[in-house]
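Protein chains: 2
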Amino acid sequence: MSQKVTACVLVIGNEILSGRTQDANIHFLGGELTALGIQLAEVRVIPDDEGEIIEALNHCRAKYDYVFTTGGIGATHDDITAACVSKAFGLAFELHPEANRILLDHYGDKANTARMRMAIMPRGAELIDNPISKAPGFKVENVYVFAGVPSIARAMFDSVRQSLKGGAPLVVQTVSTIGLSEGMIGEDLRVLQDQHSGVDIGSYPFLKMGGFGVNLVVRGEDKQAVKLACADLKTLIENAGGTPIEGETEGEQF
Amino acid sequence: MSQKVTACVLVIGNEILSGRTQDANIHFLGGELTALGIQLAEVRVIPDDEGEIIEALNHCRAKYDYVFTTGGIGATHDDITAACVSKAFGLAFELHPEANRILLDHYGDKANTARMRMAIMPRGAELIDNPISKAPGFKVENVYVFAGVPSIARAMFDSVRQSLKGGAPLVVQTVSTIGLSEGMIGEDLRVLQDQHSGVDIGSYPFLKMGGFGVNLVVRGEDKQAVKLACADLKTLIENAGGTPIEGETEGEQF
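Residue numbers (this note's numbering), protein chains in the order written: chain A, 1 to 254; chain B, 1001 to 1254.
By construction, these hints were calculated from the structure, which means they are not laboratory data. Among these hints, one or two may not hold up.
Each computed DSS-like pair below joins lysine-lysine, with the alpha-carbon atoms no more than 27 Å apart [unchecked claim]:
| # | chain 1 | residue 1 | chain 2 | residue 2 |
| --- | --- | --- | --- | --- |
| 1 | A | K165 | A | K223 |
| 2 | B | K1165 | B | K1134 |
| 3 | A | K134 | A | K110 |
| 4 | A | K110 | B | K1208 |
| 5 | B | K1234 | A | K110 |
| 6 | A | K63 | B | K1227 |
| 7 | A | K208 | B | K1110 |
| 8 | A | K134 | A | K4 |
| 9 | A | K63 | A | K4 |
| 10 | B | K1063 | A | K87 |
| 11 | B | K1227 | B | K1134 |
| 12 | B | K1004 | B | K1223 |
| 13 | B | K1087 | B | K1063 |
| 14 | A | K134 | B | K1208 |
| 15 | B | K1223 | B | K1234 |
| 16 | A | K165 | A | K63 |
| 17 | B | K1165 | B | K1223 |
| 18 | B | K1063 | B | K1165 |
| 19 | A | K208 | A | K234 |
| 20 | B | K1227 | B | K1004 |
| 21 | B | K1087 | B | K1134 |
| 22 | B | K1165 | B | K1004 |
| 23 | A | K87 | A | K63 |
| 24 | A | K87 | A | K134 |
| 25 | A | K208 | B | K1134 |
| 26 | A | K234 | B | K1110 |
| 27 | A | K63 | B | K1087 |
Some, not all, of what chain A presents toward chain B, calculated at C-beta under 8 Å [stated by the list, open to error]:
| # | residue |
| --- | --- |
| 28 | L17 |
| 29 | I26 |
| 30 | G30 |
| 31 | E42 |
| 32 | A75 |
| 33 | N100 |
| 34 | I102 |
| 35 | R115 |
| 36 | S163 |
| 37 | G167 |
Ideal Cβ placement from N, Cα and C applies to all residues, glycine included.
Throw the hints in and build the complete structure from the sequences for me.
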């Protein structure tokens, strides 16, 4: 078994909690991290509140290999993430020379106090390139600080992707069927999962043309173990009177 | 000042963390709770892991007035939320007579062990009606257990909405402008926020026809205080050379 590498995402922003804004970063980061062999183990959405942010930062950076934050690094008074990271690490919160140069280059004679505030960071922070709106993200130890705007968060993730070290990517294989609901195969599935304890089997029901179907997703570190579980899943489906399908079937949520 | 009523949402499911499934419940619940005068103060997305679920349940039910969970109450082996709620509360995990009757009525001679497992709940749980697929959610003290499938989660929320007690709903008013970026008004905005400490001003930039704009959202318990802050925001925008717009302007994310 390879060593598991874990991550946590902290989504920082009242606008997500109030229902004003639909988060788009969790889904993106979950997929990207999984592909890198990094297990996204927790997400927290927290308000623009210093105490809550610092507590979450310190809890999660101790518990997980990587922490990614989104939100709260803009030019206005409600952007307090950078200051909170400084406090969480006990680092001076000061003008970052390189960030200062990037912002001066970008804004020219439109530089002002609010914009240049985005160059104030925890001492020693490593910058994360922002090809979209220039104001950089940054990294302190295992904490990566991204913007909340989805296109910028994605660009910042792209900037650091190469430097992230995952474990062995999980092998993922799906067997699906149309016409059987998960309730019809639930007990057999439980027995099958017990027999294949080296893999995780997830059961995801869907609707298709008015009938039920189910995607059975097998995840594991060992390719052979995943393959064996999938073979047994096909037999299980056949025994229940269904037709197994290799791979995912797209259906409607119900 | 009215008393603040708070809530937390626990999204339970490996499929959200792995990026397989995009969550649709956080945004819905955030908006609905806000409308009821209940402040969604935190969301956690956690895996199908007994230890993690129990820890999050016990932490959050002590900290917040309401806890809503989504996910993990289906008919398969990976649905462990109900058992975890029982353990978190130290309650017996047993057949719920009313849930049993509902499921027997619904499934008739198609009832089987997997399906009837959905009637096993913490002792004394109050059922939450599920008009869509019948298998009920439930409530124990301040913890409300919903399905993860969005249409069912919404229906279950509708079933309990009347029983939820919020504080005074926040007064929310937005002033927006096109052609000014938040960086151009950030310092004035900071001063204005300090002058109006009874309200929270959020600044949300957008793109419109290739240019920047910003929505300034004022939230507070006192209608008059919100109104005064909005009046000053309009002056701020005018002083910066912009045109204030009453209400939200739809723009593109960038």
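We went through each hint and held it up to the structure:
{"no.": "1", "hint": "A/K165 x A/K223", "verdict": "holds (21 Å)"}
{"no.": "2", "hint": "B/K1165 x B/K1134", "verdict": "holds (26 Å)"}
{"no.": "3", "hint": "A/K134 x A/K110", "verdict": "holds (14 Å)"}
{"no.": "4", "hint": "A/K110 x B/K1208", "verdict": "holds (20 Å)"}
{"no.": "5", "hint": "B/K1234 x A/K110", "verdict": "holds (22 Å)"}
{"no.": "6", "hint": "A/K63 x B/K1227", "verdict": "violated (44 Å)"}
{"no.": "7", "hint": "A/K208 x B/K1110", "verdict": "holds (20 Å)"}
{"no.": "8", "hint": "A/K134 x A/K4", "verdict": "violated (34 Å)"}
{"no.": "9", "hint": "A/K63 x A/K4", "verdict": "holds (13 Å)"}
{"no.": "10", "hint": "B/K1063 x A/K87", "verdict": "holds (23 Å)"}
{"no.": "11", "hint": "B/K1227 x B/K1134", "verdict": "violated (46 Å)"}
{"no.": "12", "hint": "B/K1004 x B/K1223", "verdict": "holds (16 Å)"}
{"no.": "13", "hint": "B/K1087 x B/K1063", "verdict": "holds (18 Å)"}
{"no.": "14", "hint": "A/K134 x B/K1208", "verdict": "holds (19 Å)"}
{"no.": "15", "hint": "B/K1223 x B/K1234", "verdict": "holds (17 Å)"}
{"no.": "16", "hint": "A/K165 x A/K63", "verdict": "holds (17 Å)"}
{"no.": "17", "hint": "B/K1165 x B/K1223", "verdict": "holds (21 Å)"}
{"no.": "18", "hint": "B/K1063 x B/K1165", "verdict": "holds (17 Å)"}
{"no.": "19", "hint": "A/K208 x A/K234", "verdict": "holds (20 Å)"}
{"no.": "20", "hint": "B/K1227 x B/K1004", "verdict": "holds (21 Å)"}
{"no.": "21", "hint": "B/K1087 x B/K1134", "verdict": "holds (25 Å)"}
{"no.": "22", "hint": "B/K1165 x B/K1004", "verdict": "holds (11 Å)"}
{"no.": "23", "hint": "A/K87 x A/K63", "verdict": "holds (18 Å)"}
{"no.": "24", "hint": "A/K87 x A/K134", "verdict": "holds (25 Å)"}
{"no.": "25", "hint": "A/K208 x B/K1134", "verdict": "holds (19 Å)"}
{"no.": "26", "hint": "A/K234 x B/K1110", "verdict": "holds (22 Å)"}
{"no.": "27", "hint": "A/K63 x B/K1087", "verdict": "holds (23 Å)"}
{"no.": "28", "hint": "L17", "verdict": "holds (5 Å)"}
{"no.": "29", "hint": "I26", "verdict": "holds (7 Å)"}
{"no.": "30", "hint": "G30", "verdict": "holds (3 Å)"}
{"no.": "31", "hint": "E42", "verdict": "holds (6 Å)"}
{"no.": "32", "hint": "A75", "verdict": "holds (4 Å)"}
{"no.": "33", "hint": "N100", "verdict": "violated (15 Å)"}
{"no.": "34", "hint": "I102", "verdict": "violated (14 Å)"}
{"no.": "35", "hint": "R115", "verdict": "holds (4 Å)"}
{"no.": "36", "hint": "S163", "verdict": "violated (20 Å)"}
{"no.": "37", "hint": "G167", "verdict": "violated (14 Å)"}
Violation of the numbered hints given earlier is confined to hints 6, 8, 11, 33, 34, 36, 37; the remaining hints are satisfied by the structure.
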